[in-house]
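Can you join these two chains into the complex? Each is in its own frame, and there are hints to help.
Protein sequences appear in the order of chains A and B. Here the first sequence is numbered in this note's numbering, starting from 1 and rising by one per residue. Here the second sequence is numbered in this note's numbering, starting from 1001 and rising by one per residue.
Keep in mind that a hint or two might mislead.
[To be verified] Covered stretches of chain B (in silico footprint by chain A; criterion: 3 or more residues with CB under 8 Å from a CB of chain A, positions within the stretch not fixed):
1) 1037-1043
2) 1103-1116
[Claimed, not checked] DEER-style ranges, computed between Cβ atoms:
3) A/N68 with B/T1054: 32 to 38 Å
4) A/G62 with B/D1056: 33 to 39 Å
5) B/P1008 with A/Q10: 27 to 33 Å
6) A/N30 with B/T1007: 33 to 39 Å
7) B/R1077 with A/P18: 45 to 51 Å
8) B/K1014 with A/Q71: 46 to 52 Å
9) B/K1057 with A/D9: 28 to 34 Å
10) A/G62 with B/M1027: 22 to 28 Å
11) B/T1005 with A/K113: 34 to 40 Å
12) A/P7 with B/M1027: 31 to 37 Å
13) A/Y61 with B/G1016: 30 to 36 Å
14) B/S1084 with A/T20: 32 to 38 Å
15) B/P1008 with A/G62: 33 to 39 Å
16) B/Q1022 with A/Q45: 18 to 24 Å
Because the hints were derived from the structure by calculation, they are not lab data. Only a predicted model underlies this, so the values are computations on that prediction, with no experimental measurement involved. Note that CB positions come from ideal geometry on N, CA and C, so glycine has one too.
The lines below spell out each chain.
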Amino acid sequence: AQSVAQPEDQVNVAEGNPLTVKCTYSVSGNPYLFWYVQYPNRGLQFLLKYITGDNLVKGSYGFEAEFNKSQTSFHLKKPSALVSDSALYFCAVRDGGSQGNLIFGKGTKLSVKP
Amino acid sequence: NAGVTQTPKFQVLKTGQSMTLQCAQDMNHNSMYWYRQDPGMGLRLIYYSASEGTTDKGEVPNGYNVSRLNKREFSLRLESAAPSQTSVYFCASSGFGRGAATGELFFGEGSRLTVL
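The following block holds chain B by itself, in its conformation from the complex (with noise of 0.2 Å):
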């Protein structure tokens, strides 16, 4: 039962290089939302898709992209790096919109991402 599967779980990158976090999640859940984890400031959101087809900003969506490939799939592009981009990033996922409005997320083991 893999849940929410994050690749790669560690990145190094150079100032303006580019990279794509990729998500997959195998319980048929409809939401999907990429973090970032960031000391001493919690969990902040970048983007969010309601569902398949559709994808919304959150908190801090500068300098990302999202696309939300299929229902399964869910990832986050940086164009171009920098190093305040430097975080943990989670995906995480959820039955909310499928009559469980109150559904808990479901959480990725993260991806470490260093931008030098």
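The shape of chain A in the complex, shown without the other chains (with noise of 0.2 Å):
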């Protein structure tokens, strides 16, 4: 089956600093892995998808993910943190034998500060 692990509740990173958030992944066959960004009482925002290609994912808001096959792990990185970046941050896998369903990871919060 289908699964993504993110392995921490919350990261906290200085406002200019570079940030990291881990997602880890075990599927069967080619992983199609995505990440979304949720801001307070809001829906759920795409930020960036890995398919196939480059391992280097970029998406919005100067978002970019690696894809690491050897180690199973698709990180969401970002070269200098903004305040506004604030928010809680899914990792998703596509659930190969649904119609399109994504299987979540829990989420990790991410706190910058000035």
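In structure tokens, the structure reads:
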């Protein structure tokens, strides 16, 4: 069965510093991986996805993610964090059995302090 | 550009009451989904619909029913609400199945339900 794990409930970063939000996955077959962001009292917004090709995927708001097949990881990164990046981040993998359904991790709360 | 629209945004029910959450998308997507979000548990799939006229159970379907009224609309019904159904419910849609097998999901703003 497909699954994703986000090992950190919370990540704290100072504004201007690089940030990393970790995600590992377990899939049978090719992984289709996604990152979403959720601001307070809002729906989830798509950031980026990895389907195939380059291991470094660039997405919205300056975020990028690195796909590492040997480590089964898909960590979200940003070179310089902003206070406005503070939100809840979800990693997800496509469920191969369902019609496009995504299986989500439990989420990581990112807090960026001035 | 509305995207995915959910109603109501907030609802308080008493145990045993029924209600329907409405969802509509204007992106001509085939696939639609209902998730619930609970603290520390991420999002869990309740039901999904791959196309008009079809629905399938997800991870946590008990206590819920759905209707894919047409291509645009996908409703979620609680027949007899229980406190365990207190949650935030999200509707989503995807172009999956129209040659977009890798399509991302687009989410509504959520419906916050409290069952007393």
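task: With respect to the beta-carbon atoms only, verify the hint that B/R1077 and A/P18 lie 45 to 51 Å apart.
output: 46 Å, holds
field: Range agreement (Cβ of B/T1054 with Cβ of A/N68, hint 32 to 38 Å)
entry: 37 Å, holds
- prompt: Given a hinted range of 46 to 52 Å, is it respected by the beta-carbon distance of B/K1014 and A/Q71?
  reply: 50 Å, holds
query: Is it true that B/K1057 and A/D9 lie within 28 to 34 Å of each other by Cβ?
result: 29 Å, holds
Verdict for A/P7, B/M1027 (Cβ pair) under range 31 to 37 Å: Once the Cβ atoms are compared, 34 Å apart, the range 31 to 37 Å for B/M1027 and A/P7 holds.
query: Does the hinted range 33 to 39 Å hold for A/G62 and B/D1056 at CB?
result: 37 Å, holds
task: Indicate whether the distance between the beta carbons of B/T1005 and A/K113 respects the range 34 to 40 Å.
output: 35 Å, holds
- request: With respect to the beta-carbon atoms only, verify the hint that B/Q1022 and A/Q45 lie 18 to 24 Å apart.
  value: 21 Å, holds
- prompt: That 30 to 36 Å hint for A/Y61 and B/G1016 (C-beta), does it hold up?
  reply: For B/G1016 against A/Y61, whose Cβ atoms are near 44 Å apart, the range 30 to 36 Å is violated.
query: Quick check: the region 1037-1043 of chain B, covered by chain A? Criterion 3+ residues, Cβ under 8 Å.
result: holds (count 4)
- request: Can you let me know if the beta-carbon spacing of B/P1008 and A/G62 is within 33 to 39 Å?
  value: 35 Å, holds
- request: Mind checking the hinted window 32 to 38 Å against the Cβ distance between B/S1084 and A/T20?
  value: The hint (32 to 38 Å, Cβ to Cβ) holds, given that B/S1084 and A/T20 are roughly 35 Å apart.
Hint compliance for this structure: hint 13 is the single one not met.
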